[in-house]
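Please arrange chain B on chain A, whose structure you already have, making use of the hints.
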Amino acid sequence: MSDVYVLGIDMIKFGRYPNKTVPQLGAEAVNMALDDAGVTMSDIEGLYCGNFYQASGMVGQRILQEVGQSGIPVVNVANACATGATAFREAWMAVKAGVCDIVLAVGVEQMGKGMLGSTGGKKGISKEGLLGSASMPATFAAIGQEHASKHGTTYEQFAKVSVKNHKNSTMNPKAMYQKEASLDEVMSSEMIAYPNTKLMCSVNVDGAAAAVLVSESKAKELGMTRAVRVAASALASDPYQSRNPTLADINACTRLAAKTAYDMAGISADDLDLVELHDCFATAELVHYENLGLCQEGEAGRLIDEGETELGGRIPVNVSGGLLSKGHPIGATGIANIYEVCTHLRGEAGERQVENARYGLAHVIGLGTSCGIHILEKPL
Amino acid sequence: MSNSSDQAEILPVVSFLKIPDVGEPYLEGLRCTECGAVFTKPQKHCASCFSRDSLQPFKLGNSGKLHTYSIVHRSFPGIKVPFISAYVDLDGGGTISGNLIKVEPTPEAIEFNMPVNVVFDDALGRKDRQGNSYLSYFFEPA
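In order, the protein sequences belong to chains A and B. Residue numbers for the first sequence follow the numbering used here, beginning at 160 and rising by one. Residue numbers for the second sequence follow the numbering used here, beginning at 103 and rising by one.
Hints were generated in silico from the structure; no laboratory data involved. Every value quoted in this text rests on a predicted model; they were computed, and no experiment measured them. Certain hints may be false.
As the list claims (entries may be wrong) - Take a look, some chain B residues computed to stay more than 10 angstroms from chain A by CB distance:
hint, residue
1, K143
2, S156
3, V205
4, N219
5, R228
What the hints assert, rightly or not - Under the rule of at most 27 angstroms between Cα atoms (straight-line distance), these lysine-lysine pairs were calculated in the DSS-like manner:
hint, chain 1, residue 1, chain 2, residue 2
6, A, K326, B, K182
7, B, K146, A, K282
8, B, K182, A, K357
9, A, K272, B, K161
10, A, K309, B, K204
11, B, K120, A, K272
12, B, K167, A, K282
Backbone N, C-alpha and C define an ideal beta-carbon position, used for all residues, glycine too.
The following block holds chain A by itself, in its conformation from the complex:
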């Protein structure tokens, strides 16, 4: 089977675009990715579109109405916060299987402000604040506290994740915010769900990201100079765990996808030069250090304390600013994380460039549960 390459990839600046539609945002990213690849819509053989909140709205076809209705097959996917990675993976599979030589993957979302979720169904009474909390900040806080119980991880260590990622975002012009936050500011911002303060929760923003994926022969034909190889694509659902789904499981699911991805790429976590992982809340970033094998069990707190995941550290994590500061438009996030990794592998990340990056990993996970992991490689 052919290797698959990312020939073009880009994202719009994440922000709030109340005067634009979802297809318009998606179309912007598509055109940017096409330009980046040096191809046009007439070259494209298939479109894989990820969007969560309009999952029944045929968003992919509506994007084509903006950029060119060539009649190509369109697949619309929704997979919670793994939506973008799922669209990318479907595109990868089409090329990997030899069905297509050049396809598009796009992820796009328009988010409301405020906290995700609701007070429950229409029947009976609300269970929120009665049978605990199903809010995202509280759920991920409990997941972090599980780590604290096992390993003694502290509130301050969780907070340091937010300090790091906000600092990184000052070097990313496409991040929603480019503003540093001190440890004191993070810890004294409004407590949402202990141990997650407001600055330890990701930002709900609008965004879109798109990629052009091609076969090896197509990459050679069109020019390999900036092509990035997809060394692994893995998608996992949550394997049985006794507490899940009462306590959502992001650990076993990430570990399963990570193992598949490392095996496929033929590398280990030690070979990675950078990681973009799903820091929907500061607590999540630390548990994923161990889930992705970036350190031994129980060492995540030490990793953040010793700066190993800072830019310039042993294994930089979320140099884009992460979901915490770059923003988290659900369907776009997966491809935006891949964009960040590709940008470093291409040596085009400017001030935040991870030097001599050869391998990078992009991870997202959506509750319910779905984990998508891609490992990208700079061709030698």
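Chain B alone, transformed into the frame defined by chain A:
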């Protein structure tokens, strides 16, 4: 004597809370006869060992240990905060979530693995559109 539709009922807050005609309310789980996995939501087949029609109802324990928690300071509109959102591993199997009460909502007052009891009480006065009251469960330090 019930005077038809005006008569409000006391209903269980979740399907696995059982209110018998005689005796105390209790929580009911399902245990797989093949692998022993425990479930608290209604289902037919075992998600752990994939056995079919292997789940048998049993009374869940009324005591357990605090596995993890979050102290919720901001929730959805109309929900009173702060409260402790707790996940409890029940003695005898099963994990359920609920409010941990009679403990200060501060990290200093909460210990991981602290023993708790399951207690039953009115669902904080919440009623549905038909005016029905609900019976809920809560966790208290043992």
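Consistency of the hints with the structure:
1. K143: Since the minimum Cβ distance to chain A is about 8 angstroms, B:K143 lies within 10 angstroms and the statement is violated.
2. S156: holds (14 angstroms)
3. V205: Per Cβ check, B:V205 is outside 10 angstroms of chain A; nearest 13 angstroms; holds.
4. N219: holds (16 angstroms)
5. R228: Given a closest Cβ separation of 4 angstroms, the condition is violated.
6. A:K326 with B:K182: Status violated; Cα separation ~35 angstroms.
7. B:K146 with A:K282: holds (23 angstroms)
8. B:K182 with A:K357: holds (18 angstroms)
9. A:K272 with B:K161: violated (43 angstroms)
10. A:K309 with B:K204: holds (25 angstroms)
11. B:K120 with A:K272: violated (39 angstroms)
12. B:K167 with A:K282: At roughly 31 angstroms apart (the allowed maximum being 27 angstroms), A:K282 and B:K167 break the hint.
Of the numbered hints listed earlier, those contradicted by the structure are 1, 5, 6, 9, 11, 12.
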